[in-house]
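Q: Line by line, the protein sequences give chains X and B.
Position in the first sequence (first residue = 1) + 29 = the working numbering.
Position in the second sequence (first residue = 1) + 274 = the working numbering.
Misleading hints may appear alongside valid ones.
Only part of the chain X face toward chain B is listed, based on derived beta-carbon distances under 10 Å [said to hold, decoys possible]:
id, residue
1, N51
2, G57
3, L64
4, G69
5, V73
6, S80
7, N93
8, A112
9, I115
10, C116
11, A117
12, L129
Derived DSS-like pairs (lysine-lysine); straight-line CA-CA distance at most 27 Å [unchecked claim]:
id, chain 1, residue 1, chain 2, residue 2
13, X, K97, B, K352
14, B, K357, B, K289
15, B, K336, B, K285
16, B, K370, B, K345
17, B, K336, B, K352
18, X, K84, B, K370
19, X, K83, B, K370
20, B, K370, X, K82
It is worth saying that the hints were derived from the structure and are not from the lab.
Each residue gets a CB set at the ideal place from its N, CA and C atoms; glycine is no exception.
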Amino acid sequence: KNEVEQSPQNLTAQEGEFITINCSYSVGISALHWLQQHPGGGIVSLFMLSSGKKKHGRLIATINIQEKHSSLHITASHPRDSAVYICAVSPPYGGATNKLIFGTGTLLAVQP
Amino acid sequence: EAGVAQSPRYKIIEKRQSVAFWCNPISGHATLYWYQQILGQGPKLLIQFQNNGVVDDSQLPKDRFSAERLKGVDSTLKIQPAKLEDSAVYLCASTKWGRTSATETQYFGPGTRLLVL
Chain X
30 KNEVEQSPQN LTAQEGEFIT INCSYSVGIS ALHWLQQHPG GGIVSLFMLS
80 SGKKKHGRLI ATINIQEKHS SLHITASHPR DSAVYICAVS PPYGGATNKL
130 IFGTGTLLAV QP
Chain B
275 EAGVAQSPRY KIIEKRQSVA FWCNPISGHA TLYWYQQILG QGPKLLIQFQ
325 NNGVVDDSQL PKDRFSAERL KGVDSTLKIQ PAKLEDSAVY LCASTKWGRT
375 SATETQYFGP GTRLLVL
């Protein structure tokens, strides 16, 4: 079982729909990251959060530390949101390593 | 501020050939990461540098992969000889401080897409 699990693996939505992508993790963390990867390959960091909720434009990320769960929401989705969304976690600060543990990603396709 | 630069963007080689990738991190960033991302999977850390020293290379296949960051700035990753299973996107990322600080955002380059035939 992967330490970071995402669901769904694939998601197709119609333009304008509200989208939710989920991430669950089984290890202790200092922070959780949501990343966006477009077909060209480059990755952009969307959010880094350790508690509560963050909002940037139409994107909202929430985290529940007790339940070890995070969600990424996209409101009023648009075809340009089509990408792979990756959840990753940072290990607790002060440990042997600070390398990220990645989920396998959620492929989102928003159709016009 | 310029982002993380990588080259080449694409490379096609035959198995048993050699290939090298280059990465220039964001200016002033102490920590540099090389990741391998196989299609359909999340990135896997190959090696992490703090300045010009190696912090973590536990998942680097050292019989064929090598990496260096001689002056603590840019870095090269080499595969020699390449195998079919090395086909992947190779991503470089950097952070300002690295393991000596609290959690930071990693800044990724555009990646190099390698196809081994």
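Q: With reference to the structure, classify each hint as holding or not holding.
A: The hints, checked one at a time:
Residue-level restraint check for N51 of chain X is violated (minimum Cβ-Cβ distance to chain B is 15 Å; threshold 10 Å). Because the beta carbon of G57 of chain X sits about 13 Å from the nearest beta carbon in chain B, more than 10 Å, this interface hint is broken. The restraint placing L64 of chain X at the interface with chain B holds, with a minimum CB-CB distance near 8 Å, inside the 10 Å limit. Look at G69 of chain X: its Cβ gets to within about 6 Å of chain B, closer than 10 Å, so that hint holds up.
The restraint placing V73 of chain X at the interface with chain B holds, with a minimum CB-CB distance near 7 Å, inside the 10 Å limit. With a cut of 10 Å, the hint placing S80 of chain X at the interface with chain B is violated, because the nearest CB-to-CB distance is about 12 Å. Evaluation of the N93 of chain X hint against chain B yields a violated restraint, the C-beta minimum of about 18 Å exceeding 10 Å. Interface restraint check for A112 of chain X: the shortest CB-CB distance to chain B comes to about 13 Å, outside 10 Å, so the restraint is violated.
For I115 of chain X, the interface hint holds, the least distance from its beta-carbon to any beta-carbon of chain B being 6 Å, beneath 10 Å. Taken as an interface hint, C116 of chain X checks out: its beta carbon lies about 9 Å from the nearest beta carbon of chain B, inside 10 Å. With a cut of 10 Å, the hint placing A117 of chain X at the interface with chain B holds, because the nearest CB-to-CB distance is about 7 Å. Hint status for L129 of chain X: holds, given a least beta-carbon distance of 7 Å to chain B, under 10 Å.
Distance restraint check for K97 of chain X and K352 of chain B: the Cα-Cα separation of roughly 38 Å exceeds the 27 Å cut-off, and the hinted pair is therefore not satisfied. Restraint check: the Cα-Cα separation between K357 of chain B and K289 of chain B comes to about 5 Å, which is no more than 27 Å; the hinted pair holds. Between the alpha carbons of K336 of chain B and K285 of chain B the distance comes to roughly 21 Å, so the proposed pair stays at or under 27 Å and holds. Taken as a hint, the K370 of chain B and K345 of chain B pair is honoured in the structure, with Cα atoms around 16 Å apart against an allowance of 27 Å.
Restraint check: the Cα-Cα separation between K336 of chain B and K352 of chain B comes to about 10 Å, which is no more than 27 Å; the hinted pair holds. A distance of roughly 24 Å separates the Cα atoms of K84 of chain X and K370 of chain B; the hinted pair therefore holds under the 27 Å criterion. The suggested pairing of K83 of chain X with K370 of chain B holds, with an alpha-carbon distance near 22 Å, which does not exceed 27 Å. Distance check on the hinted pair: K370 of chain B and K82 of chain X sit about 25 Å apart at the alpha-carbon level, within 27 Å; holds.
In the structure shown, a violation is registered for the earlier hints numbered 1, 2, 6, 7, 8, 13, in ascending order.
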